[in-house]
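Position in the sequence shown counted from 1, then plus 687, gives you our numbering.
These aren't lab readings, by the way, just hints derived from the structure by calculation. Here the structure is a predicted model, which is why all the values come from computation and not from measurement. Every residue, glycine too, gets a C-beta built ideally from N, C-alpha and C. Be aware that one or more of the hints could be misleading.
To be verified - In silico BS3-like links for lysine-lysine, alpha-carbon gap of 27 Å or less:
1) K1160 with K1216
2) K832 with K881
3) K1370 with K1404
To be verified - Quick list of the computed label-pair ranges, beta carbon to beta carbon:
4) A1033 with S946: 36 to 42 Å
5) P1254 with R1212: 26 to 32 Å
6) P1088 with K1366: 25 to 31 Å
7) L1214 with R1051: 39 to 45 Å
8) P1009 with T1217: 42 to 48 Å
9) K1404 with R1109: 42 to 48 Å
10) Q1089 with T814: 26 to 32 Å
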Amino acid sequence: MVGPEPLARGGGFPNKPRPMTLTDYRNKRDFTKTPEPAGKPTPRGKPGALAFVVQQHQARQLHYDFRLELDGVLKSWAVPKGPSLDPRDKRLAVQVEDHPLEYGDFEGVISEGEYGGGTVMLWDRGTWTPADPDPAAAYKRGALKFRLDGQKLHGNWVLVRMGGKAGGERRENWLLIKERDAAAAPGGGAVTAKNPASVATGRSLDEIASDRDRVWAADRDERASDTPAAEDDAARAGPPAATPERRSEARENLAAQLSGVRKGAMPQAPRPQLATLVDRPPMGPEWLHEVKYDGYRLFARIERGRVRLLTRNDLDWTAKFPALAAALAELPVDQALIDGEIADFAPDGTTSFAGLQDKIATGRTGALVFCAFDLLHLDGWDLTGVALEDRKTVLSELIPPQARGLLRYSDHHAGGGSAFFRHACHLALEGVVSKRRDRPYRPGRSGDWLKVKCQNREEFAVIGFTDPAGSRKGLGALVLGYHDRQGKLHYAGRVGTGFGTDHLLDLRRRLDPLARREPPSSLPRGLSKTGVHWTEPKLVVETRFAGWTADRILRQPAFLGLREDKPAEEVVHEEAKPASAANPKAARQRARPATKAERQRSAEIAGVRLTHPDRVLYPEQGITKRDLANYYWTIRDWALPHLAQRPLSLARCPEGRDEACFFQKHVGSGAPEVLGRVKIAEKSRTDTYLVVENVAGLVALVQTGVLEIHPWGSTVKRLETPDRLTFDFDPDPGLPWSWITEAALALREALQGLGLESFAKTTGGKGLHVVVPLAPRLGWDEVRAFSRHVAEAVAARAPERYMTNPSKQARTGRIYIDYLRNSRCATAIGAYSPRARPGAPVARRCFGKRSNRRCGPTPSRCARCRSGWPVSRKIPGPKSARSARR
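Generate the whole structure from the sequences, applying the supplied hints.
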């Protein structure tokens, strides 16, 4: 088994890492040869908000250094992937040595060969407020909860200690997790990519490296130049092998932080959650898909080293699997309840029910595998109220995904259910089980767990048998039956193949005591009863079959094995339901005529069906989904030239503006088909973006809960050559509106001096955009460099009013001219898109007073705009949506 080494009986905790202090920081540096601050602890006398900083560090590998002021130093962690706004992301944070407070202001270059050599950017900074009145004690416990108030990161966070090694030194490993609150953004794991610039200077990492305006360098000796950077090593190290003590402590701390967790006793006789049979896998990113194993469902109940293995009907099978029980007893937990399946794995990765039964019958169970797929209880914490994905996160800490042996973690695939199912069937697996990632554990059968089978396989009750013929021993065939939903027993046919001699003799021995005179179920008319011995329906067998006849008799059934874990009364025939019928909210809308009641609950606009059209999106004005869809239909000729045929980032508020909203860049599998898609290569992978192609696409966005549309500055046909520049004027709160309009006019004059025409656009907020239509000839780097030059030139004319530094602290009394929206993958609010803000404001393309001519949707040049962009005196549609001014 891959994972932590078990503790020796009566032994201590080996390799316990110690926290790294400011002394470690000083020991790694010669301050006669480097101007880095030596620093000293400088505790603050007053409680409250403390400083935090996140520094992007390009050493041998890019990573982020997360630092919190505590006890007069910066407690520091290297986060290889950077922070994430998605609460589902548990980011590894490897603790490194404490740094002096002066280090939090550094941005520049550490020369090659120096300790930590590379480029450092101040990616974010601000204050943090501990949730615990004694943050030092919480830090020592390994569960530090806090609030961040930075320029990029906000809301509630938690650091949970895991323990273990990284690199060549002992370093504690933690998890950095965003808590679920208004600042959280499901799918917002790429916050670092969306906000790449320095909060101090507005520069990129490359610009800092090329400017070299602040360099730490020294002529180090040979010994020093060979010393690796702590943060760099930690960033490259990856998850370590942790000691059992640290892993157990981390799991308990992590479990305590999960939403829905509560203290509670571990149940003596747990009841399983069951899956509903459907005809195809469900669609959508909210589903996790697991392999369906061909084995026995078991609960592993661990309590103070004592293990009980229980079937779904509370039969104690511990004695059948002594090796498995011994392996579970070695897990570093006090109490745990694990849900899983025991199976017999073939070399090709498939599971064999017949092989499982044979090994159980002969007592050769030492090589059977327990596939753990859920964790219901851990050390006093009841996890059944926790979302599935979070339960599996804790389970993966208990049984690592890379483990091989008697205990294995049942991994999953998020989204892409159809492809996962096809692949499973291609590999000759039994099927897949699809589970809602955000739902608690609920015993019984529901639409939160769905199963899809690659083959027709089902359990049946044995209601009789026939005598053997020829050289056959035991019996000839089994007579099968099944219960309907009302509990009535029905005849299902006979199965006479798939048996070995041992099976035949064992079945006959079990069936003889169950003999009865009459059949336990009604029989089809004309069916021969000759030679049939009827039995009480107590035994359950599993069969594979080709299908059903018209009168509900099995076609070509074959015996697979005896099911000793299920009582016969639970053998109910399962008819595969459509996935949408099992869970209609998570499945695609089926193509069928709507009922009268459904028509009253839906509306069709531009050929797109809106469900819940009267759902209120803006409660202050009472604007509904229907209103917003009608708005887009009315202004389609003005909006589409700005929004169509471009990759989109979207702000979604499915329940309305005042409920949970989130920002989405990449498309999941459940987006409406009327929307286009475009695949775009990004830094480390290729992702899919949505594209609006016509007015139906705009209405489809309304149906999915989109309130804000943020298009790229290029079209899908010319992705790498933008056709517009956007300058965003973001003022310090309290500045008069006249300052903002004067700034826009100043930029327009500067652009006209370069031979470029521009137009203004309100943002639906406090600022303005100045947009420059371009011929799509230059690449993103050239366009960004040009926009930076123009912005800096305008700011240099009146530095007391304008700035290009994104730092909000330096923005007092000035307007920030943001040119960074002209970067690849960056976006700006689209013209005529509403905003997810009070008052339902709309971003709007402005028009000039010198021309009353209205441009149409075609790209003909008009007297004022010179660019083919359509303009209008007012925005049609709901009155409340026409408020496009500040």
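Hints and how they fare:
1. K1160 with K1216: 21 Å, holds
2. K832 with K881: 25 Å, holds
3. K1370 with K1404: At roughly 20 Å apart (the allowed maximum being 27 Å), K1404 and K1370 satisfy the hint.
4. A1033 with S946: 36 to 42 Å: Given range 36 to 42 Å: holds, Cβ gap about 40 Å.
5. P1254 with R1212: 26 to 32 Å: This hint holds: roughly 30 Å between Cβ atoms.
6. P1088 with K1366: 25 to 31 Å: 28 Å, holds
7. L1214 with R1051: 39 to 45 Å: Check passed, 41 Å falls within 39 to 45 Å.
8. P1009 with T1217: 42 to 48 Å: 47 Å, holds
9. K1404 with R1109: 42 to 48 Å: Violated: the Cβ-Cβ distance is about 32 Å, outside 42 to 48 Å.
10. Q1089 with T814: 26 to 32 Å: Since the Cβ atoms of Q1089 and T814 sit about 40 Å apart, the hinted range of 26 to 32 Å is violated.
Of the numbered hints stated above, those contradicted by the structure are hints 9 and 10, listed in ascending order.
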